[in-house]
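Using the numbering used here, the first residue of the sequence shown is number 13, and each one after it goes up by one.
By construction, these hints were calculated from the structure, which means they are not laboratory data. Hints may contain errors.
[Claimed, not checked] In silico DMTMM-like cross-links for lysine to aspartate or glutamate, where the CA-CA straight-line distance does not exceed 20 Å:
| no. | residue 1 | residue 2 |
| --- | --- | --- |
| 1 | K316 | D296 |
| 2 | K149 | E92 |
| 3 | K149 | D239 |
| 4 | K316 | E32 |
| 5 | K149 | D296 |
| 6 | K149 | E32 |
| 7 | K316 | D341 |
| 8 | K316 | E126 |
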Amino acid sequence: MQTIRAAVCHDFGAPLEIEEVRLAAPGAGEVEVTLEAVAVCHSDISYADGAWGGVLPAVYGHEAAGRVTALGPGVARLSEGDRVVVTLIRPCGHCPACASSRPTICENPPDGAEGPLATRDGGALFHAMACGAFAEKVVVGAAQVVPIPEDMPAESACLLGCGVITGVGAAVYAAGLRPGQDAVVIGAGGVGLNAIQGARLAGARRIVAVDRTEEKLADARAFGATDTVLADDAAPWRAAKAALGRGADAAIVTVGAAAAYETAPRYLAPGGRVVMVGMPHSGDAAGYEPVLFAATGQGMIGSKMGDVVIARDIPWMIDLYEQGRLELDGLVSRRWPFEEINAAIADTRAGGARRNVLVF
Numbered sequence: 013m014q015t016i017r018a019a020v021c022h023d024f025g026a027p028l029e030i031e032e033v034r035l036a037a038p039g040a041g042e043v044e045v046t047l048e049a050v051a052v053c054h055s056d057i058s059y060a061d062g063a064w065g066g067v068l069p070a071v072y073g074h075e076a077a078g079r080v081t082a083l084g085p086g087v088a089r090l091s092e093g094d095r096v097v098v099t100l101i102r103p104c105g106h107c108p109a110c111a112s113s114r115p116t117i118c119e120n121p122p123d124g125a126e127g128p129l130a131t132r133d134g135g136a137l138f139h140a141m142a143c144g145a146f147a148e149k150v151v152v153g154a155a156q157v158v159p160i161p162e163d164m165p166a167e168s169a170c171l172l173g174c175g176v177i178t179g180v181g182a183a184v185y186a187a188g189l190r191p192g193q194d195a196v197v198i199g200a201g202g203v204g205l206n207a208i209q210g211a212r213l214a215g216a217r218r219i220v221a222v223d224r225t226e227e228k229l230a231d232a233r234a235f236g237a238t239d240t241v242l243a244d245d246a247a248p249w250r251a252a253k254a255a256l257g258r259g260a261d262a263a264i265v266t267v268g269a270a271a272a273y274e275t276a277p278r279y280l281a282p283g284g285r286v287v288m289v290g291m292p293h294s295g296d297a298a299g300y301e302p303v304l305f306a307a308t309g310q311g312m313i314g315s316k317m318g319d320v321v322i323a324r325d326i327p328w329m330i331d332l333y334e335q336g337r338l339e340l341d342g343l344v345s346r347r348w349p350f351e352e353i354n355a356a357i358a359d360t361r362a363g364g365a366r367r368n369v370l371v372f
């Protein structure tokens, strides 16, 4: 085992502590990646707050990019020196979900307690989200990484590991938007801006962004929203329907707030669907009248990581980025030294950042 630095969560809700930890060499089918950048995602913060339970101590972080520096046995499609984006999607390749091209809901997720990390003295250290990317290096499955161009900025590339694929995929795959249809995107943060981009790429006629601040709505317009509505208005769904001239074919909820889910069906046209992306805390609940869904042919569907297949979809998105059709660079709010991770987390909590990125 080698020694690296990582930001460790010892207590839920407490600042992360940068310390030396042990990292095992890659095993069969695994690669070691020396990281260049890792983004701060709200999911990392929720996990570190204990919102969904979990095991401590742990290393979070799951939206990263870097360079392959070691290969485990049996890895054939990658070479040392390759630059890659690292994702948390680690498919087993043989369960019913993987066999039907839905690796984001693989039925055999890895056990983080059996991961490659250990404390400096050899104690247990949870490898969270199959990544543990708040660290100088990671060891992950070869299927979790996708090559990126040599000249692509790491701070932009790392966003393809989660926020971009989640938002774009929610619009393109989960919502199944078709040219001429209409979308409402609730929440104009990092994932919401990418859902807006996905709706635009899918050919949506109108895209209404809903958020609580004018600053976020200005971001939404810059990323392709045709109309914007303040969420704190008395009945924002009425303003959205007025802008559309009808209800939406898809209302994509990208914020982890039960209240947003409670009102989302109000934005829909008959036959429309709510796409559930944002993740409220465990125990939070929203209520509905089932008869309204039945009578209008509406529905609700969960979307995990945009329902993407990374080997197919990340190269597609990189191509769009290189053509200027998918904005990545503008998603980066600020670059922070890894040592300032707690300040970057605090800034993300404040709600104004598109994405804060830690650089090594």
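If you check each hint against the structure, which ones fail?
-> 3, 4, 5, 7, 8
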